[in-house]
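K.L.:
Take a look at the letters that make up each chain.
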Amino acid sequence: MKAFDPYRILGISPEAKLEEIRRAFREKARQFHPDLGGKKELFLELKRSYEFLCERLSPSKLRILKERPQGGNYLLSFLDVTARELALGATVTVTVPAEERPCPYCKGRGHNPSGRKKTCLFCEGRGEIEFLGSQKHLKIVCPRCGGTGEILTDLCPHCRGRGEIAGERELSLKLPLGARPGDILYLPPQEEQEMDIYFELQVHPSGNLFFEGRKLLSRVVVPFWKFALGQSVEVETLEGWERIELPQEFQPGSLFRLPKRGPYQEDGTREDLLIRVEIIFPSDLPSKARKKLEEFAQIMEKEEEDAASGHRN
Amino acid sequence: MGFEEDVLKDFITEAKENLERLDEEFVELEQHPEDRELLSSIFRTIHTIKGTAGFFGFKTLEAIAHFAEDILSKLRDGLVVADEETIDMLLKAVDYIKAIIAALEETGKEPVDETYLDFLVDLRNFAEKVAKKAEGGGAPPKEKAEEAPAQESKAEEQKPSEEPPSEEKPEEAQAVAESQKDQEEPKAEEKAAPSEEGKAKAESKPEAPKPALASPKKKEDKGVPHVHLTETHVRVDVKLLDQLMNLAGELVLSRNRLVQIASRISDAELQNATQNLSLVTTELQEKIMKTRMQPIGNVFNKFPRIVRDLARSTGKKVNLRIEGADTELDRSIIDAIKDPLTHLVRNSIDHGIEEPDIRVQMGKPPVGTLVLRAYHEGGQVVIEIEDDGRGIDVEKVKQKAIEKGLITPAEAEKMSDREALALIFKPGFSTAQKVTNISGRGVGMDVVKTNVEKLGGSIDIQTVLGAGTTVRLKIPLTLAIIPALVVTCEGQRYAIPQVSLRELVGLSPETRKNIHQIGDSEFFRLRGEMVPIIRLSKILGIEAQPRENESLVILNSGAMDFGLVVDEIWDSEEIVVKPLGKHFKDISIFAGATIMGDGKMALILDVVGISRKIGLKVEDVDKAKEETAAKTVGEDEQQFILLFNVSPEEQFAIPLALVARLDKIKAEKLEFVGGKEIVQYRGRSMPIIRLENYLPIQPLPEQEEYHLLVFAEGEREVAFLVSRIVDSIQTHVKLDERLYQIEGVLGSAIVKDRTTLFLDVYKIIEMHDPYFFVKIVPQEERPYRVLLAEDSPFFRQMIANYLAAAGYEVETAVDGLDAWEKLQKEPFDVLVTDIEMPNMTGIELAKKIRADERLANLPIMALTSLASDEDRRRGLEAGIDEYQVKLERAKVLEALADLLNRKYARAA
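Sequence lines, in order, name chains E and L.
With my numbering, you'll find the first sequence wraps up at 313, consecutive numbering, no jumps.
With my numbering, you'll find the second sequence wraps up at 1221, consecutive numbering, no jumps.
Simulated from the structure, these hints should not be mistaken for laboratory data.
There could be a bad hint or two in this list.
[Claimed, not checked] Here are the simulated lysine-lysine pairs, DSS-like style, with alpha carbons at most 27 angstroms apart:
id : chain 1 : residue 1 : chain 2 : residue 2
1  : E       : K139      : L       : K1204
2  : L       : K826      : E       : K139
3  : E       : K107      : L       : K677
4  : E       : K66       : L       : K422
5  : E       : K61       : E       : K17
6  : L       : K630      : E       : K174
7  : L       : K1204     : E       : K117
8  : L       : K1160     : L       : K1135
9  : E       : K66       : L       : K322
10 : E       : K117      : L       : K709
11 : L       : K603      : L       : K322
12 : L       : K329      : L       : K603
13 : L       : K1216     : L       : K1161
14 : L       : K709      : E       : K118
15 : L       : K982      : E       : K139
[As the list claims (entries may be wrong)] Where chain E lies over chain L, by a calculated footprint (3+ residues, C-beta under 8 angstroms):
id : stretch
16 : 617–623
17 : 627–638
18 : 672–683
19 : 769–781
[As the list claims (entries may be wrong)] Pulled from the structure, derived: some chain E residues nowhere near chain L, Cβ distances all over 10 angstroms:
id : residue
20 : Y7
21 : H33
22 : E41
23 : L42
24 : E245
25 : S287
26 : A289
27 : A308
Model, not experiment: these values are computed from the prediction.
Don't be surprised by glycine CBs; every beta carbon is placed ideally from N, CA and C.
Using the sequences and the accompanying hints, generate a full structural model.
P.N.:
Structure representation (structure tokens):
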């Protein structure tokens, strides 16, 4: 199975920048546009490739930093992403605190309206205060209790007495290309958000793909006979599962690389994807297979002996 | 590496300082080779470097420090004596350490140079030699020396590969190495080997460095590199800054004096000169203060890492929000709050914020939020550590305090939440063992509090169980110059830091009425709150002259407010705080001294110290509160009454609380319709009562405008038409019932020098319209018999009247005892009683009734002038069934009917 490869469809190298992609698309589009007699399916595929790459290479609001914030006011949060999301600069949803607004539970009063209360000592529970002495008779609403005659004594459990509560806001953020585990992502202030926000990346493996340091690896488990016979192996790449041929001289323990198939770098080009081949030796082989294996071993030992004696001679 | 840069910077500056000192110490050591203390100090310095180097993974540095430490430990333990050779070697080690530090500062990496490795070998051999000397070639030190080289060789082998020390796993290193070039492969394998096989290879390893030994001498000459530590900033000892600050303070004081003298002499030139000096001094003082100011962000920025690590190790998710990072504070204060803050942040994450799944169960977002906030407030900096975690369970805190023997169960019962939370700060509240369920706060919280208070700050906790906790620290901006209020006591001046000041009250004969003596303590009733007060002269132990006009300074000590009575209040002034000598250390009521403008000294009062001196116990304050409560109940007879005239000659009074509204109308608005006088009022017709129609009094004269006293019963309204409202006053009503035995008049009293008739509003309205009040008497063959116990004749008569009007048969008693006696003689269906009465209170009466077999089921309703929850609770405990406010006639009647229905329906 061949994975979706927009570069191939657009006829450009994986190194191509946005400008080149745009140019290639325009050229091809002129060629394949249905209005101009092109095949519709072909054009749609073209369009899809173009849009796909545009999205992927579009600039992210997030900036990559190597250091934790140094000063000023900010929010430091954690961003859980999968290795695949990070490598491809996917769009993820995060929840961040929004600006403070009056607490809806206590209406900004800061106290629990259904909590304990005591009589307001200012107006002695009357809710209003009279001015005495002169001819004028004035009653004013008690400024302490606001006319209720009672003082709420329990703090509001929602805003904890602040009267304000920070809501939550969901942000859809495109991960910047080139971010790696351990990096800090910085979201500068924008409309509706006055604060600097920093995210510390927490990268989780996705399937067989995982980061080791700053490199992306794909793990392949191959039974020993397949490996010995040089059969092709199924590899999970960023584009999906692919069957690849390992080179003849390839030895277990070393790494195989798929050039330009790894995570994106900041400039829009891609690193290599490293494939780690792990060989398994099943402990309980069927007896028939075991017999064959013993046979195989005998042949090999004999070969070695012959070779050794041959040497001596 | 980037993350550690901040820490690395700290490490480097610290190391640089320490190394400078080391040089001096070594020189000293040569003179006193057996000075243990000196050796210990050197040992510690080297040990610190070793530890930090290990933390950062600087292998060469760690190894050099390790062997130097090895040698030093032998010296320190007195196993060998520091000879010239040893000290030489150690000095060389220090030089190498310096060189590495310099390289670290420049590049952030350890230098890659063989000379270091060569020296390392020399040093190791020397260390071995010293160890042998120490033990006479004994086994244990040798083993130690064997182990170390393994470590060293590992370090050595990593160097040539030019890999910066990193946190990468060896596995990864291997992966990268392999992916680079085939030829690098064997190297990478070899590299990985020692770390994996570790000790197995260790034995053969010491061989490896040996070849290097061949040419040590040669290399040694160029070995000690010339080190030049570059400085980007001039680091100034804080002590020096302190001295500068002190001197600036002195300068301010001298300036103040000079200005005073200059103003006396009034010489224009001198005036000019002093003015100039004054300006420069102020500026100088400000600038010096500025050198000490640092943004609090410097401390806050340590927390992202701490929070991250803690969150990771506890499996919690935490957002950290920093607000007000550029708020500036004196450097010494910043240093001093670092630890308390760290402690509080740890607590918040450890014990405050819950695990994500628990948070979701509680309906909170899975990610907790920790806010560090700093802002200025009235010359102080407030730092808040706020989390949205589980909060502190006050009850559990109390329980814990009881277990620990800090308080008695009785005390716990009386404690307010705030007082209970303050227990957390008590030494011994929490020991090392974790107090898991109480959020565990308290581990060392007493230390936090002490540290904050040392800075002249205060700490306060606000918590809502299940919703989170906010710890608020209030810290003075600077310790050296503070605004203070100058007060006097017996001719001496004292300064009170203004941060503790709440308000000032002048004590005139009028305001003195608010002072209450309870037990040995005095309290001032400030807007309904009882504030304990104490005389400054008493604290100081001065014989005080009685004075007419004193002042009361209301202060806040963090935990509570209290009042300090002083003779006079002067001015508020910027004062320079001078510490007191150590002889005064134990006098807790003084925070320091200052010199005033005239050159004389004034002592600075320590508000927290004084509050402790007062030694107010929870019980005292509680007692005070109870007495306040009792006072309000006892004030039954202190009633707001409304005085008015119908004709100018006669004065009438009614309880103000009965009046729904006061209003004025024009005479032409009055209508006479269908035999009734009415007025259009708020879109409705309201009947008017002219009092002269019901009472034998002078008629209302013709006026252009009249006053209306509007009474309401549900939807209905009725108004008295009167000519003038005289006043409304709060007064004791001493009602004379005998003089006027007229329907509709409760009695007479002298109010404002005039005989005043107290009107029975209910009776008069009933005379006007017998159906105005809805009768809520329960259906029975005979009317219920009510016993009314009320000591105030005014209320007694009024209540009796409205009860009778409602259809009850009412018998009255003048106090609890009288009621008790009447209950013995006759049967009653219900008792309606006042609470505060002479001879026997309502509560006592109720208890007595409930204890009596025959009367145990008698329904009891209590009436007070106002019913607080507390009263209600006390009443219920005594066996009172209902609680109502006297003047709320409708409610009283409704509740009484209800009570009777309930009681007798059940009995039947």
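K.L.:
Quick check for students: does the CB of E:Y7 sit more than 10 angstroms from each CB in chain L?
P.N.:
Given that every Cβ of chain L is farther than 10 angstroms from that of E:Y7, nearest at about 23 angstroms, it holds.
K.L.:
According to the definition I'm using, a residue is off the interface if its beta carbon is farther than 10 angstroms from all beta carbons of the partner; does E:E245 meet that for chain L?
P.N.:
19 angstroms, holds
K.L.:
Tell me if the straight-line CA distance from L:K603 to L:K322 falls inside 27 angstroms.
P.N.:
Holds, at about 23 angstroms.
K.L.:
Between L:K1216 and L:K1161, does the CA-CA distance stay at or below 27 angstroms?
P.N.:
19 angstroms, holds
K.L.:
Is the nearest Cβ of chain L still more than 10 angstroms from the Cβ of E:A289?
P.N.:
Check passes; 32 angstroms lies beyond 10 angstroms.
K.L.:
Taking the closest pair, is the beta carbon of E:L42 still more than 10 angstroms from chain L?
P.N.:
E:L42 clear of chain L: closest Cβ-Cβ about 38 angstroms, beyond 10 angstroms.
K.L.:
Given the proposed pairing of L:K630 with E:K174, does the C-alpha separation stay at or below 27 angstroms?
P.N.:
Distance of about 22 angstroms is within 27 angstroms: holds.
K.L.:
Would you mind confirming whether the straight-line C-alpha gap from L:K1160 to L:K1135 stays at or under 27 angstroms?
P.N.:
16 angstroms, holds
K.L.:
Take a quick look at E:S287 and tell me if its Cβ sits farther than 10 angstroms from every Cβ on chain L, holds or violated.
P.N.:
36 angstroms, holds
K.L.:
Between E:K66 and L:K422, is the straight-line Cα distance small enough, at 27 angstroms or below?
P.N.:
It holds: about 17 angstroms lies between the C-alpha atoms, which stays within 27 angstroms.
K.L.:
Check the non-interface label on E:H33: least C-beta distance to chain L beyond 10 angstroms or not.
P.N.:
44 angstroms, holds
K.L.:
Tell me if the straight-line CA distance from E:K66 to L:K322 falls inside 27 angstroms.
P.N.:
16 angstroms, holds
Violated hints are absent here; each numbered hint is respected by the structure.
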